[in-house]
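Asker: Residues per chain are reported as follows:
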Amino acid sequence: MSLELKNLYDDFRDGETIKAYAKIIAEDAKRLKTPLNIMEVCGGHTHTIMKFGLPQLMPENITFIHGPGCPVCIMPKERIDHAYVLAMQPDVILVTLGDMIKVPGSNGSLQDARAKGADVRFVYSPMECITIARENPDKKVIFFAIGFETTTPMTAVLVEQVIKLGIPNILFHINHVTVPEVMAELIDSRDVHIDSYNNQIDAFIGPSHVSVISGAKIYDKFPKEYGRPVVVSGFEPVDVMQGISMIVKQFVEDRCELEVQYKRVVNYEGNLKAQELIERYFEKMDLFRWRGLGNVPDSGLKLKDEFASLDAEVVYRDVLPIAEIEDHKLCICGDILRGMAKPPECTIFGTACKPTTPIGSCMVSSEGACAAYYKYGNLL
Amino acid sequence: MCLSIPSKVVKVSDDKMMCTVDTMGVQRDANLMMMDDEDVNIGDYVLLHIGFVMNKIDEEEALASIETYREILELMNEDERKRAILEDDECPARGA
Ligand code: SF4
Numbered sequence: 073m074s075l076e077l078k079n080l081y082d083d084f085r086d087g088e089t090i091k092a093y094a095k096i097i098a099e100d101a102k103r104l105k106t107p108l109n110i111m112e113v114c115g116g117h118t119h120t121i122m123k124f125g126l127p128q129l130m131p132e133n134i135t136f137i138h139g140p141g142c143p144v145c146i147m148p149k150e151r152i153d154h155a156y157v158l159a160m161q162p163d164v165i166l167v168t169l170g171d172m173i174k175v176p177g178s179n180g181s182l183q184d185a186r187a188k189g190a191d192v193r194f195v196y197s198p199m200e201c202i203t204i205a206r207e208n209p210d211k212k213v214i215f216f217a218i219g220f221e222t223t224t225p226m227t228a229v230l231v232e233q234v235i236k237l238g239i240p241n242i243l244f245h246i247n248h249v250t251v252p253e254v255m256a257e258l259i260d261s262r263d264v265h266i267d268s269y270n271n272q273i274d275a276f277i278g279p280s281h282v283s284v285i286s287g288a289k290i291y292d293k294f295p296k297e298y299g300r301p302v303v304v305s306g307f308e309p310v311d312v313m314q315g316i317s318m319i320v321k322q323f324v325e326d327r328c329e330l331e332v333q334y335k336r337v338v339n340y341e342g343n344l345k346a347q348e349l350i351e352r353y354f355e356k357m358d359l360f361r362w363r364g365l366g367n368v369p370d371s372g373l374k375l376k377d378e379f380a381s382l383d384a385e386v387v388y389r390d391v392l393p394i395a396e397i398e399d400h401k402l403c404i405c406g407d408i409l410r411g412m413a414k415p416p417e418c419t420i421f422g423t424a425c426k427p428t429t430p431i432g433s434c435m436v437s438s439e440g441a442c443a444a445y446y447k448y449g450n451l452l
Numbered sequence: 004m005c006l007s008i009p010s011k012v013v014k015v016s017d018d019k020m021m022c023t024v025d026t027m028g029v030q031r032d033a034n035l036m037m038m039d040d041e042d043v044n045i046g047d048y049v050l051l052h053i054g055f056v057m058n059k060i061d062e063e064e065a066l067a068s069i070e071t072y073r074e075i076l077e078l079m080n081e082d083e084r085k086r087a088i089l090e091d092d093e094c095p096a097r098g099a
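Chains A and B, in that order, give the protein sequences. Residue numbers for the first sequence follow this note's numbering, beginning at 73 and rising by one. Residue numbers for the second sequence follow this note's numbering, beginning at 4 and rising by one.
Please note that a few of the clues may not be correct.
As the list claims (entries may be wrong) - Straight-line alpha carbon distances no greater than 35 Å define the calculated DSBU-like cross-link-like pairs of lysine-lysine that follow:
| hint | chain 1 | residue 1 | chain 2 | residue 2 |
| --- | --- | --- | --- | --- |
| 1 | B | 14 | A | 345 |
| 2 | A | 236 | B | 11 |
| 3 | A | 289 | B | 85 |
| 4 | B | 19 | A | 376 |
| 5 | A | 78 | B | 59 |
| 6 | A | 174 | B | 59 |
| 7 | B | 85 | A | 212 |
| 8 | A | 345 | B | 11 |
| 9 | B | 14 | A | 236 |
| 10 | A | 95 | A | 296 |
| 11 | A | 289 | B | 11 |
| 12 | B | 59 | A | 289 |
| 13 | A | 296 | B | 14 |
| 14 | B | 85 | A | 376 |
| 15 | A | 335 | B | 59 |
To be verified - A short list of chain B residues far from chain A (calculated; beta carbon distances all over 12 Å):
| hint | residue |
| --- | --- |
| 16 | 15 |
| 17 | 23 |
| 18 | 44 |
| 19 | 56 |
| 20 | 82 |
| 21 | 87 |
| 22 | 89 |
| 23 | 90 |
These are calculated hints, taken from the structure and not from any lab test. No experiment lies behind these values; they were computed from the predicted model shown. Beta carbons: idealized from backbone N, C-alpha and C, even for Gly.
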């Protein structure tokens, strides 16, 4: 058989295959000694899991914990305020990816800034900044960059082109974050409510496309040092079911390993050219404050000092607010991300907090746990 | 946000910086600057993310997965057939 594009869609969404894996998982799960909490780190997985009703296909002793892997959801309000303030500067065009449009900061969202006359543009690809900058030579184009390792190299390509082509009017506001650091934080962190270490997560489904770039190697320490298996899985429902089945088998067979289900695009080393691009232009920030989770050391990236003249956070230092802004006190996103609560347990879920009026981070984008629960109904 | 779309390469520019991909009938341009020069050729399957080719899809691995799924379904069907026959054997109304 030769591969058709159609196979890459249909075969990995096939209902019969999903059911077959549900049977295999149910059978193997009977041999589990303790119940399993499996965290899907990435919001893309959360979306698939809820859209295809996968929690209903799980035996009682397997539970999903929805992780922090949605770059829009984890953006703290103060950084959205940065975007808003930058957009309001005279002669600035603020450019970002579509997902950021509705995210509210303390003054409003970028959509609101646009309604007030700011020039905010949502693009499909960062490279569109070059065209915008050339068409508007008397304006500063600021690219508000978001995303995990998946999206960071694309920003790096844009930085490289800006330097190579000598484009004088593009600046960057960098909000790129990294996955392994926040995974470690979720295991390490002391639970604020009961003052004990929170060890709710038994295993991880590793993100799909972060791993395409970074390679499966970034998860090595989780089975080795933390005793948590990781199975890197694709985004389609069959991928996720097979990934879970592989995790359950590890527990039944008393193994604790890093495995890749998504072999059609993920290998151990990842895309080395993309990794070089990231390393050439970015370095770690000491801390990045994650919405819902708080400070996570070494989890954010910034432009290296030698490129400070391209860094909007440096150039516009004087106008950018620095105060941290806390989340609504009723919001329990932090607990949800740590696996201690499910969205419907939040007292304002679906009432005050909805996708159209999100109050906490998990409701902000369709990849957030609360938004996925809201959209796909009372599945649990 | 991190979703990427499987697509097929239909054209590669001479300088290997851009290509045109087909995504189930929709054609669009994609940037190749994250890939090594000789990596991407016409007919390859690739993953597309925010205007960039982020990696090639390994055809053999994709086919191997699909093969595994077919085998699993076969086995399940086989099991079900056997069970149906056994149940039929035990049916008290049999032969009535
Ligand atoms: S429903 Fe809204 S407020 Fe409640 S936890 Fe989810 S995002 Fe936070």
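Asker: Taking 12 Å as the cut and beta carbons as the points, is residue 23 of chain B off the interface with chain A?
Answerer: holds (14 Å)
Asker: What's the verdict on residue 85 of chain B and residue 212 of chain A, does the C-alpha distance respect the 35 Å limit or exceed it?
Answerer: violated (71 Å)
Asker: Quick check for students: does the CB of residue 89 of chain B sit more than 12 Å from each CB in chain A?
Answerer: holds (18 Å)
Asker: Would the hint linking residue 78 of chain A and residue 59 of chain B be met if the CA-CA limit is 35 Å?
Answerer: Between residue 78 of chain A and residue 59 of chain B the Cα gap is close to 16 Å, so the pair holds against 35 Å.
Asker: Next pair to validate is residue 14 of chain B with residue 236 of chain A; report whether the Cα-Cα distance is within 35 Å.
Answerer: holds (25 Å)
Asker: Per the stated criterion, does the least C-beta distance between residue 44 of chain B and chain A lie above 12 Å, as a non-interface residue requires?
Answerer: holds (15 Å)
Asker: Determine whether the non-interface label on residue 82 of chain B survives the test: each CB of chain A must be over 12 Å from its CB.
Answerer: Violated, because the least Cβ-Cβ distance between residue 82 of chain B and chain A comes to about 9 Å, which does not exceed 12 Å.
Asker: Is it correct that the beta-carbon of residue 90 of chain B has no partner in chain A closer than or equal to 12 Å?
Answerer: With a cut-off of 12 Å, residue 90 of chain B remains clear of chain A, as the shortest Cβ separation is near 18 Å.
Asker: Compare the distance between the alpha carbons of residue 19 of chain B and residue 376 of chain A with 35 Å, and conclude whether the hinted pair is satisfied.
Answerer: holds (28 Å)
Asker: With the threshold set at 35 Å, check whether the alpha-carbon distance from residue 236 of chain A to residue 11 of chain B stays at or below it.
Answerer: holds (30 Å)
Asker: Hey, residue 289 of chain A versus residue 85 of chain B, does the alpha-carbon distance stay inside 35 Å?
Answerer: Distance of about 44 Å is beyond 35 Å: violated.
Asker: Assess, step by step, whether the Cα of residue 345 of chain A is no farther than 35 Å from the Cα of residue 11 of chain B, and give holds or violated.
Answerer: holds (21 Å)
Violated hints, listed in ascending order, are 3, 7, 13, 14, 19, 20; each of the other numbered hints is respected by the structure.
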